[in-house]
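Engineer: What follows is the residue order along each chain.
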Amino acid sequence: MALQIPVRIGPAEQSLIDQLNSVGATAEATRFAVIGLPTRKVESYHYTDLKQLLRTVPPLASVATSASPPALRIAGAHQLMIANGAVQESSTAPAGVIVGKTAGSALGPRDDLLVRLNSALATETLSLVLESSVDPVIQIDRRTEGPAGHAADSARIFVADGASATIVETYSGSNEPHLTNHASFVQLGKGATLTHITVDLSSKSTTHFATSEYLLAEGARLRTLTIHAGAGLARSQVFARFAGERAHADFTGLNLVGDGQHGDITIDISHAVPNTTSKEIFKAIARGRSKAVFQGRIVVARDAQKTDAKMMMQGLMLSDEAEILSKPELEIYADDVVCGHGSTCGALDEDHMFYLMSRGVPKAEAETMLVRGFLAELTDPIVDAALKEALEAVLDGWLGG
Amino acid sequence: MTTPMLEIRDLHVRVEEREILKGVNLVLPAGEVHAIMGRNGSGKSTLSYVLAGRDGYEITSGEVLMDGQNILDLDPNERATAGLFLAFQYPIEIPGVSTMTFLKAAINAQLKARGEAVLSTPDFMRAVKDAGASLQINSDMLKRALNVGFSGGEKKRAEILQMALLKPKLCVLDETDSGLDIDALRIVSDGVNALRSPTRSMLVITHYQRLLNYIVPDVVHVFSDGRIVKSGGKELALELEAEGYAGFSEAAA
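Going down the list, the sequences are from chains R and D.
For the first sequence, numbering that gives the first Met the number 0 assigns the number 0 to the initial residue and increments by one for each residue that follows.
For the second sequence, numbering that gives the first Met the number 0 assigns the number 0 to the initial residue and increments by one for each residue that follows.
What the hints contain is simulated information worked out from the structure, not anything from laboratory work.
Values in this document were obtained by computation on a predicted structure and should not be read as measured data.
Every residue gets a Cβ at the ideal spot worked out from N, C-alpha and C, and that includes glycine.
Each hint should be verified, as a subset may be incorrect.
To be clear about the criterion: a stretch of chain R counts as covered by chain D if any three or more of its residues have a C-beta under 8 Å from a C-beta of chain D, and this derived list gives those stretches [to be verified]: (1) 355–363; (2) 369–383.
Restricting the straight-line Cα-Cα distance to at most 25 Å, the calculated cross-link-like pairs of lysine-lysine (BS3-like) are [unchecked claim]: (3) R:362 with D:166; (4) D:154 with R:387; (5) R:362 with D:154.
Construct the entire structure; sequences and hints are all you get.
Structural biologist: What follows is the structure, encoded as structure tokens:
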């Protein structure tokens, strides 16, 4: 191995080194001091060069003493909260749900900067065990409140064999240049069913990082939806591993970026055993001078015969200055699989616009209808009516904003 | 003399460097149905798109008056609100937008633009159900995304349903018979005929005489090389069917 020559350390990196040292993660601090923030030379950060994009890091967030209004209200949902990294005491949980907390982060080791930072900095994990079919939607409301702060938080979700649930995680907080690093470790037991939705609604001055890791046992069914509709700089990472046969997952996401924003959704899906299926549908809408990134990687292991994985990314550009970057990758080591990927990008279809307008629909309304139509594929599969309505309101709010 | 529903005066239209319409003149009085017949490529569809206001056509000279108002400066939605309806030869598929949502948006947009009260949901549902029944359009079709996965017949029936609901003054039907089998043709024609009225005019564009057995026109215009070369009664269509377009092209040259 070549000797790594230490990189020049900038102010953001120095703050991170100091923070790692201050929590006793000296080995991590030493390692980080050598390599620094990932640049475009690191493949998984090629389009999101953190050395360029992350110029300052606020101090580690202290205990929250105030709270902004909830960013998303879902009728009938059971709410849990994590504020500035601390798991908040909650009232009685719905039937079949055990709520607790454990020390440290829920993420397993992984050579990724955001995962490493979360592992070093998250002090506790909200633990959720879903023992049976849970009726109400469970909302994990993650806040970063008060003055600008660097907050790392964590949740571990276990859906027991045969159980089912819908979990929504929302990220929001005060209108300050926070740096947030969220983690979720989600494990599905045999035949478990889960819909897991994450929605970034933090302020435009915030930098939002989130990592979700999924582990699927035999026959499990998972649907994910990752939405970016807030932070100025956002990166969501999805790591998933199929560990049991006949498991299926729909990974979906929506990256909404407006003027001055940079949003990145990066997924890495591992089909590790035979007979598993996945469908990935990701969409991006970019307007103003903005950048939307999608990186999708599907790895099919040598033994994972009969894998069926189809990945699609569709980008919609609403301005000439918007940029959408899409990098789908398939890495297949098995020889009897059905895998595919596609990627399209463009403006609204002129024929569609003309058809709607020829029926009397004004231009702006026709555009909204078409954009909603573009997004319907992501919201239509959501069963809970109140949740679907709340998400559609988020999307409409963004479109109208 | 009463104002015609549609008057086209010496209309010249280019697409890029090529002149497609070369001086179209047409007067369509209120309450009449006129057919425009011509072979493929003669410019008939261009005429329909220019009337509806699609982008990409350069109007080099001429006027189009609907009910006395020049419509060439209006956006497509403004023309629709003023009473123009184009039944598309190939209705556009729009994924993610349900037919019902679309119909409601279109009807209410037009009502709103005219300063009228929008329809309540029950009134809207009733109107769609009534108009859909004779066109054999069921609620399942209305729930599907607009035109997506519709058969040729379903698409054309959906066009006529829109026409019935939007109650235009001037209907332009572009090759409405294309892609229809004989049963579908009858349903669609019956739907169109039911909308004939003394206050509504129709321009039926086709290259095939068959449609005119079902939708009987008052006047037939023969279209060739970007203009109308002959006009006459409905028997002109039969003459064309028997002798072909060749003779008319020569007459024009």
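Engineer: Does each hint fit the structure? Answer for all of them.
Structural biologist: Against the structure, the hints come out as follows:
Coverage of a stretch by a chain is defined here by at least three residues with a beta carbon nearer than 8 Å to that chain's beta carbons; for the region 355–363 of chain R and chain D the count is 8, and the condition holds. For the region 369–383 of chain R, the stated coverage by chain D is satisfied: 7 residues place a CB nearer than 8 Å to a CB of that chain, which reaches the threshold of 3. Distance hint between residue 362 of chain R and residue 166 of chain D is fulfilled; the C-alpha atoms sit about 21 Å from each other, no more than 25 Å. For the hint pairing residue 154 of chain D with residue 387 of chain R, the CA-to-CA distance comes to about 30 Å; that exceeds 25 Å, so the pair is violated.
Among the hinted pairs, residue 362 of chain R with residue 154 of chain D is consistent with the structure: their alpha-carbon atoms are about 23 Å apart, no more than 25 Å.
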